[in-house]
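Asker: Residues per chain are reported as follows:
Protein chains: 2
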Amino acid sequence: MYELTIPFSEKEPLYEQIYKYIKVQIRTKRLLAGTRLPSTRKLAEHLGVSRSTTQLAYDQLVAEGYLEARPCRGYFVAKLDTLFHLEQKMEQAEEKKSGEKQRWLVDFSPRGIDLERFPYGLWRRLSRNSLSDDNRELFSAGENKGDGALRQAICTYLYGARGVNCRPDQILVGAGNEYLLMLLHQLLGNQRIAMETPTYRQAYRVFECLGHQVIPVEMDGSGMRADALEASGAKIAYVMPSHQFPTGIVMPIKRRMELLAWASGQEGRYLIEDDYDSEFRYKGKPVPSLQSADTKGRVIYLGTFSRAVAPAIRVSYMMLPESLLALYESSCSFYASTVSRIDQRILTEFMKGGHYERHLNKMRGIYKAKHDALLAALFPLSESFTVSGEYAGIHILLKSRRGHTEEELIQAAGSVGVRVYGLSEFDIGKQEQGKEETGTVLLGYASLGKEEIERGAGLLARIFSELPKGKQ
Amino acid sequence: MYELTIPFSEKEPLYEQIYKYIKVQIRTKRLLAGTRLPSTRKLAEHLGVSRSTTQLAYDQLVAEGYLEARPCRGYFVAKLDTLFHLEQKMEQAEEKKSGEKQRWLVDFSPRGIDLERFPYGLWRRLSRNSLSDDNRELFSAGENKGDGALRQAICTYLYGARGVNCRPDQILVGAGNEYLLMLLHQLLGNQRIAMETPTYRQAYRVFECLGHQVIPVEMDGSGMRADALEASGAKIAYVMPSHQFPTGIVMPIKRRMELLAWASGQEGRYLIEDDYDSEFRYKGKPVPSLQSADTKGRVIYLGTFSRAVAPAIRVSYMMLPESLLALYESSCSFYASTVSRIDQRILTEFMKGGHYERHLNKMRGIYKAKHDALLAALFPLSESFTVSGEYAGIHILLKSRRGHTEEELIQAAGSVGVRVYGLSEFDIGKQEQGKEETGTVLLGYASLGKEEIERGAGLLARIFSELPKGKQ
Numbered sequence: 004m005y006e007l008t009i010p011f012s013e014k015e016p017l018y019e020q021i022y023k024y025i026k027v028q029i030r031t032k033r034l035l036a037g038t039r040l041p042s043t044r045k046l047a048e049h050l051g052v053s054r055s056t057t058q059l060a061y062d063q064l065v066a067e068g069y070l071e072a073r074p075c076r077g078y079f080v081a082k083l084d085t086l087f088h089l090e091q092k093m094e095q096a097e098e099k100k101s102g103e104k105q106r107w108l109v110d111f112s113p114r115g116i117d118l119e120r121f122p123y124g125l126w127r128r129l130s131r132n133s134l135s136d137d138n139r140e141l142f143s144a145g146e147n148k149g150d151g152a153l154r155q156a157i158c159t160y161l162y163g164a165r166g167v168n169c170r171p172d173q174i175l176v177g178a179g180n181e182y183l184l185m186l187l188h189q190l191l192g193n194q195r196i197a198m199e200t201p202t203y204r205q206a207y208r209v210f211e212c213l214g215h216q217v218i219p220v221e222m223d224g225s226g227m228r229a230d231a232l233e234a235s236g237a238k239i240a241y242v243m244p245s246h247q248f249p250t251g252i253v254m255p256i257k258r259r260m261e262l263l264a265w266a267s268g269q270e271g272r273y274l275i276e277d278d279y280d281s282e283f284r285y286k287g288k289p290v291p292s293l294q295s296a297d298t299k300g301r302v303i304y305l306g307t308f309s310r311a312v313a314p315a316i317r318v319s320y321m322m323l324p325e326s327l328l329a330l331y332e333s334s335c336s337f338y339a340s341t342v343s344r345i346d347q348r349i350l351t352e353f354m355k356g357g358h359y360e361r362h363l364n365k366m367r368g369i370y371k372a373k374h375d376a377l378l379a380a381l382f383p384l385s386e387s388f389t390v391s392g393e394y395a396g397i398h399i400l401l402k403s404r405r406g407h408t409e410e411e412l413i414q415a416a417g418s419v420g421v422r423v424y425g426l427s428e429f430d431i432g433k434q435e436q437g438k439e440e441t442g443t444v445l446l447g448y449a450s451l452g453k454e455e456i457e458r459g460a461g462l463l464a465r466i467f468s469e470l471p472k473g474k475q
Numbered sequence: 004m005y006e007l008t009i010p011f012s013e014k015e016p017l018y019e020q021i022y023k024y025i026k027v028q029i030r031t032k033r034l035l036a037g038t039r040l041p042s043t044r045k046l047a048e049h050l051g052v053s054r055s056t057t058q059l060a061y062d063q064l065v066a067e068g069y070l071e072a073r074p075c076r077g078y079f080v081a082k083l084d085t086l087f088h089l090e091q092k093m094e095q096a097e098e099k100k101s102g103e104k105q106r107w108l109v110d111f112s113p114r115g116i117d118l119e120r121f122p123y124g125l126w127r128r129l130s131r132n133s134l135s136d137d138n139r140e141l142f143s144a145g146e147n148k149g150d151g152a153l154r155q156a157i158c159t160y161l162y163g164a165r166g167v168n169c170r171p172d173q174i175l176v177g178a179g180n181e182y183l184l185m186l187l188h189q190l191l192g193n194q195r196i197a198m199e200t201p202t203y204r205q206a207y208r209v210f211e212c213l214g215h216q217v218i219p220v221e222m223d224g225s226g227m228r229a230d231a232l233e234a235s236g237a238k239i240a241y242v243m244p245s246h247q248f249p250t251g252i253v254m255p256i257k258r259r260m261e262l263l264a265w266a267s268g269q270e271g272r273y274l275i276e277d278d279y280d281s282e283f284r285y286k287g288k289p290v291p292s293l294q295s296a297d298t299k300g301r302v303i304y305l306g307t308f309s310r311a312v313a314p315a316i317r318v319s320y321m322m323l324p325e326s327l328l329a330l331y332e333s334s335c336s337f338y339a340s341t342v343s344r345i346d347q348r349i350l351t352e353f354m355k356g357g358h359y360e361r362h363l364n365k366m367r368g369i370y371k372a373k374h375d376a377l378l379a380a381l382f383p384l385s386e387s388f389t390v391s392g393e394y395a396g397i398h399i400l401l402k403s404r405r406g407h408t409e410e411e412l413i414q415a416a417g418s419v420g421v422r423v424y425g426l427s428e429f430d431i432g433k434q435e436q437g438k439e440e441t442g443t444v445l446l447g448y449a450s451l452g453k454e455e456i457e458r459g460a461g462l463l464a465r466i467f468s469e470l471p472k473g474k475q
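Line by line, the protein sequences give chains A and B. The end of the first sequence is residue 475 by the working numbering, with every number in the run present. The end of the second sequence is residue 475 by the working numbering, with every number in the run present.
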């Protein structure tokens, strides 16, 4: 048995000193994997401390994975590979957190959103009110579909802003789109699901993970092709008609009608409309939802507060058409809501007080200014590049007219410290043939300041115009 | 077109009066299903109000399902059957909320928990601190498994209180057990799952809904029988060894070892340990978890804060053994956490500050006092009834020695205004043969006050001892 002699100081609690001492011994391999440590009792005697002190130290070491507690046998130093694997991961995570920001002068990530303007003060106030003594019932279980008042507020908003026709009882509130898709999966059963490609990979992963067969369907300038959809043999199609991610295509009414006709052509066909960032449109009238044109009850409508409010607000909603609602009521209505009632109450007040619409209006103005600044700064490239997906959402696409590959563009941008994203990153189902080369990169601008955008776009404009003609 | 003439008063907003007027017209069938209403513009002109006023009224009526808005066509009165269906449901829900409490003098529901003693003030304070300006990062996306600090706190708690051996990276935090089972489903694939019968029906429904084949496995006085499990051909067994719901059986160490041996007997076998109310034990030492005896990594451990803290705190956790953790990392780690970071932070502080353990200790004392009061008040029945499942959890079982059926007991209790629950309600997979008659009823006491318990149990003692001998 290993002899532990610890030079105690008075500055730290004893258990902390024991914990740190043993941790260093393990990390420096003075204590090797599999070594059995003295029992908490023996170590306590040996060090002249209480047993609860040694127990605390061991607990901490076990919790952090340095020691293994084997029932009836004692404490053993954990296997080093597990340990280093763990540490590497932690280091990688650290690096990811702190490192990336520094490695890039400007990162045009399409995933960011602007959290600077979130109404923190208001949210705190609403939260405080929700937690007042009068609201104790918020700690008991609520309605399974989500609180009635919130579903009512969502309905009213959706009707006004997106033309969605529904009753509150058709709305399910859940902790994120992914959860709602899991729930939907239980209503639809395993199906062939058609998706645009490129598409929102997170939804693709969910469908794959749930065991659906996902069929990538060709797009043209109007979005998913109806003939290709028909030929795919799919029962369900997942589309983003208001602003397709990542192409930014807005589906025109003709194509919408074709997709709706496809859906009503056979029993059991549905369109999943993911209206993920339809709130942000900078030119012309907002495009109403696909659901608003659906007279046959074939559209399942999905929306989220994660993008328009904040990613940490894990609240999404799904509107079910009558046929699926009946199925939900009979088979899945036993699931309790996954969103805490307190959060539901805060969000309800946020919507009912008109704060949500005001917040959207404010963010629309802010994002539009960023959007405009980006387009203006990219203007010098307008002869050699085309821009698409603009005037909506929070990213644009930049495509070379001179035969550059995605990789060449990403490399060139990287050489001046600017990060851009290849369109093919969002392709699905082409692992065999390799990615399709479109010479297009994505630039997200939501989380960047105006000056960062101008600086980044200025650097891109310089380096891209200096690029020799591409190979394609 | 229907002529609307509304006698306006000055007491309410105009839109409210329009909304109410039309609603009454529809409910009293003066406006019939399918009737087209004037456009918002025409109605505004007709009534001499602004168009936004009529729009607001229509929006509300649409949101509540009284009107249907058909794109490009206008507003129509909704179909009455849908509407009445809707109203009936709302009425039923209302009745459920207000009515049941009144219909029963004392309701021994096994589903209630005591929310009177929830530390509202503390929770508010922690919530306020979490939302302080320094914590703005809480509104951005967090770790997919749940915040590291919370997983660390859960690990430390589980090790100390339940003997669970794990590292924080084995813990997944999710919005309720049901969600975590959906996630687990994606790791396990469709399987034959063995469950005790009677059992926790909510978990049974989840498995069924996800498409697993659930096989009810016989229990004896030690819980799920290992030979019956082996014979069932199941790959997965869902058990509650610390305090089986609803029987209250505590699985002895010998049976635990048999189940663990079963699990390691074949690749891909796992035990799901649902440790749902292990926090509450009133006699002897706490029984350590099944996981604490698992040396082969065959136990998936599930725990929740919904029962020990509050149902609205939708936070549960699942501990994955190494083999499933690797699978999770490679296939399902893309799922974002379903719990808001703010709630995670509050809970972390609640645990780290020692409040959780203090709260559990307090509740244990409170529940024990209720438990003791119930047993004492049922003492007059001790010759004709046996009590089981006592000294733990928040309900007990009462079984007639004189051949009464469940139904006879429920009826007799109901005749004096007391509600008790039949054990067979929790049976699974016996739809064909009918419920098994055990002559046993459940009495939950968590949400009742001491006086209510004594009154209810007193009434039961009187009416049950007056019952003529049963037919069995």
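Bear in mind the hints are in silico, worked out from the structure with no lab data behind them. Treat the hints with care, since some could be wrong.
[To be verified] From the structure, some residues in chain B lie toward chain A, with a derived Cβ separation under 7 Å:
(1) Tyr162
(2) Gly179
(3) Phe382
Source: prediction; values computed, not measured. Beta carbons are placed, not taken as given, at the ideal position from N, Cα and C, and that holds for glycine.
Asker: Against this structure, judge whether each hint is valid.
Answerer: So, going through the hints one by one against the coordinates:
This hint holds: B/Tyr162 has a C-beta 6 Å from the nearest C-beta of chain A, less than the 7 Å allowed. Look at B/Gly179: its Cβ gets to within about 6 Å of chain A, closer than 7 Å, so that hint holds up. With its C-beta approaching chain A no nearer than about 32 Å, B/Phe382 sits outside the 7 Å limit, and its interface hint is violated.
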